[in-house]
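Participant: Listed below are the residues making up each chain.
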Amino acid sequence: MRKAIFWIAAVLILAGLQTQLVGWIGAYYYKIVILAGINIILAVSLNLINGITGQFSIGHAGFYAIGAYTSASLVHYGESAIRGTVAFLPRFGQDTVLLLLGILVAAIAAGLAGVAVGIPSLRLRGDYLAIVTLGFGEIIRVLILNIDAIGGARGFSDIPPLSNFFFFWVFLFVLMTVGTIHNLVNSSYGRAFISIRDDEIAAEAMGVDTTRFKVLSFVISSMFAGIGGSLFGHYTAYLNPNSFTFVTSFYLIIMIVVGGLGSIGGSILGAILVTVILEAFRSLSEFRLVGFSILLVLVMIYRPQGLMGSRGMFKFKRRAAVAK
Amino acid sequence: MITFLQQLINGISQGSAYALIALGYTMVYGVLRLINFAHSDVYMFGAFMGYYIANNRTFQARMGTSLFSAMVVMLLAMVLSAGLGIIIERFAYRPGRTKTRFTLAFWLGVLGAAFGDLLGHSFAAVVGGALAGIAVGVVGELAGFRPVQQDTRLGLLIIAIGVSLFLENGGQLVFGADPKLFPEILPSKSLNIGPLNLDSPKLIVLGVSIVLMILLNVVVNYTKTGKAMRAVSFNVDAAKLMGINTDRIIAATFAMGSALAAAGGILVSLLYPKIEPLMGVNPGLKAFVAAVLGGIGNIPGAMVGGLVLGMAEVMAVWLGSSTYRDAIAFVVLILILLFKPEGIMGKGLVEKV
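Chains as they are written, first to last, in the working numbering: chain E, 4 to 327; chain W, 1418 to 1770.
For the record, the hints were derived by calculation from the structure and aren't laboratory data. Fair warning: this is a prediction, and the values are worked out from it, not measured in the lab. Careful, some of the hints might be misleading.
[Unchecked claim] Computed from the model, here is a short list of chain E residues facing chain W with C-beta under 10 angstroms:
{"no.": "1", "residue": "129"}
{"no.": "2", "residue": "131"}
{"no.": "3", "residue": "152"}
{"no.": "4", "residue": "157"}
{"no.": "5", "residue": "158"}
{"no.": "6", "residue": "240"}
{"no.": "7", "residue": "241"}
{"no.": "8", "residue": "243"}
{"no.": "9", "residue": "264"}
{"no.": "10", "residue": "305"}
{"no.": "11", "residue": "310"}
Glycine included, every Cβ here is placed at the ideal spot set by N, Cα and C.
Use the sequences and the hints to build the structure in full.
Facilitator: What follows is the structure, given as C-alpha cells:
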C-alpha cells in the first residue's frame, strides 16, 4: 500500500514538474537535467557491478550502446507495424507504447549482452575482467561502425523522439533504477553481492554461488544501462558510435568513484557533479578537461574513498580492502 | 604467395612497434601491478617531442638530415619521455604508496598554469598562474593535506585514467588539436627485392626495435638495476627488506618503459607521419592487448605478443575487411583470456587465500 502511494505520488509530482520545468529553468538547463538523469541511471547501475559486487567493469558504454541502438532500430524499422497493432489507441498512447516497448527491448538486449560478458567473468578476476569488459565495449562500437542499416560511422539519425515528456520518463526510470538497486542491495541477494566483493573465497566457502551472483549483477546492471541508452537515443533523436567509446565508460567510472564506490547516494551525487561540471565549464574549451582531469587525480590522491565515502544516502558498512 | 610475404613484412614492422609500447605496459605491471593507462599518452608525447626537435631551426642547421641526426632526435625524445614517465610516477602513483610531499603543489601548479593560459595566453600569465598554484599547494600542505594511502588497486587505476585524460587534454592545449605532419627525419628509400617492397622506414622500425629489445634484455638480466627490478616485480616487500630502494627502482622502470614508448612513437611516425594528441589511444590499447597476449609482467612475452598481434591484424585485414581492424585485437584478447588467461609466455598463478 505504501509502495503504491509512493509511486502514484512520484508519477504525479514528476508529471507536474514536467509541465512547469522548462518554463522555470529554460530549455538549456532542462537538457542538462535530463542528461544528468540518464547519467544517474548509468552510474547507479555500474555501481552494482563495480561498487557492490566488487567486480571491475570498464565497458559499461558497450551495454549503453546496445540499449540505445536496439531501441532506436526497433522504433525506426518497426514503427508502422507496431502502430498498426495498437491503432485503437490515440496518437499519444501509441507513442507511449512504442517508447516503452523500445525501452523493454533495449533492456532485454543489453541484459543478454550482460550474460555474454558475465560468462567470462566466471573465470577471470580483477584486472583481467576489466580488460575483457574494455575489449567488449570496443568490439560493440566497431560492430556498430560496420552495420550500415543503423547508420555506421555516419551515425543513426531520424530516431522518432516519441515523447515531449522526457523529464517525466527519465526520472521515472531514475526512481525505478535507484529503487531496484537499493532494494536489491538490502535483500539476501545484496548480501551475496557484498560478500563476493569483500572476500570471494570466503563467500564461496559459506555457500554463496559466486558464479551465479556475478553473472546476475552483470545482467541487472547492463539491463539498466540499456534502459539509459534507449532514453538517450530517443531524447537526442541521433546516435553516433563516437558517443560510446571507452572514454564514456571512463567518465561513468569517474562518477561512481568520485561519489564513493558502493554508495548509491554517492553515485547519484557523482553523476550530477560530473555532468554539471563538464557542462558548466564548456565555454572554457580545453582548459575544462585539463582542469577536470587534474581534479580527478587530486580527489583520488587525497580522498580515494570518494566524496560520500562508502555510506552516504543508503547506509551499509564496507570493509576497506576490495581488490587484492 | 608474394602478397603473403609482403603482408608478413608489414605485419612484422607493425608488430614490432606494438611490442615496443607493450614492453612499457608489461614492465610497469610487473613492478606495480598497475595498468598504466597513461603509457599510451607517453607514446604520443614521444612522437611530439621528436616532431619539435626535428623541426627546430638550430637543430636542422646543425645536424641536417642523416642517420646520425635521426638517432639524436630519437634519443632526445626518449630522454624527455623518460623524464615525463618519472614525473608521472612521482606525482601520481607514488603518493598512494608513501605520503610524498609537494604532490598538491605540483598539481595545483599545473592547474594554475593552464588557468593562466586561459586568462592571458602569455608566458607571464602561465608562469604567474603556476606560481600561484604552487603557493596554494604549499600552504595546503603546511596546513596538513597529505596524500592518503591507497589500499585498493582500483584507486591507482582511476589515477592512471585521470593522468591519461590529463595528458590527452593537456596535449590538445599545448600542442594543438589539429594533426601535424611528422618530418621526414630519414630520407625514405624504396627497396624492391623482386616484387617485394621493403621501404626503408619498415626496415628501420624493425631494426631499431630489435636493437632496443636486446638492450632492454641486457639491462634487465645483466645489470644490478635489472636484478633489483626483477626482485621488485617478484615481491615488493621482500625486495624492500633486502635493502633495495624500491621507489627508485619503480621510477627507473617507468623511465625505461616511457623511453621505449617514445621510441615506438617516433618509429610509428616514420611509417604513418600524421601525429595528433589523441594518436596514442588506439595503439596504446592494442599494445596493452599485446602485453596481455604475451603474458603480462613478462618481458619476452610482450615482444612475442606484439609481433603476433601485428601479424594477426595485418593478416585479418588482408583476408577480411579493413573496417574490422580495430576489433581484431580485442577478439584475440578475449579468446586468449578465455582459453589461456596467463598469456603465451606467462606462468599461471595459483590463487592463495
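Participant: If a hint holds in the structure, say so; if it doesn't, say that too.
Facilitator: Each hint, compared with the structure:
Taking 10 angstroms as the C-beta contact cut-off toward chain W, the hint placing residue 129(E) at the interface holds, the least distance being around 7 angstroms. A cut of 10 angstroms between beta carbons decides the hint on residue 131(E): the least distance to chain W is about 6 angstroms, and the hint holds. A distance limit of 10 angstroms between C-beta atoms decides the matter here; for residue 152(E) the minimum to chain W is near 15 angstroms, and the interface restraint is violated. The beta carbon of residue 157(E) comes no nearer than 13 angstroms to any beta carbon in chain W, farther than 10 angstroms, and the hint placing it at the interface is violated.
Because the closest C-beta pair between residue 158(E) and chain W is about 16 angstroms apart, greater than 10 angstroms, the hint is violated. A least Cβ separation of about 26 angstroms between residue 240(E) and chain W goes past the 10 angstroms threshold, and the interface hint is therefore violated. For residue 241(E), the suggested interface contact is broken, since its CB lies about 21 angstroms from the closest CB of chain W, more than 10 angstroms. Given hint, residue 243(E) at the interface with chain W, is violated; its Cβ is 16 angstroms from that chain's nearest Cβ, farther than 10 angstroms.
Among the interface hints, the one on residue 264(E) holds; its C-beta lies about 7 angstroms from the nearest C-beta in chain W, closer than the 10 angstroms criterion. For the restraint placing residue 305(E) at the interface with chain W, the shortest Cβ-Cβ distance is roughly 6 angstroms, inside the 10 angstroms limit, so the hint holds. Annotation: interface hint on residue 310(E) violated; nearest CB of chain W at approximately 13 angstroms, more than 10 angstroms.
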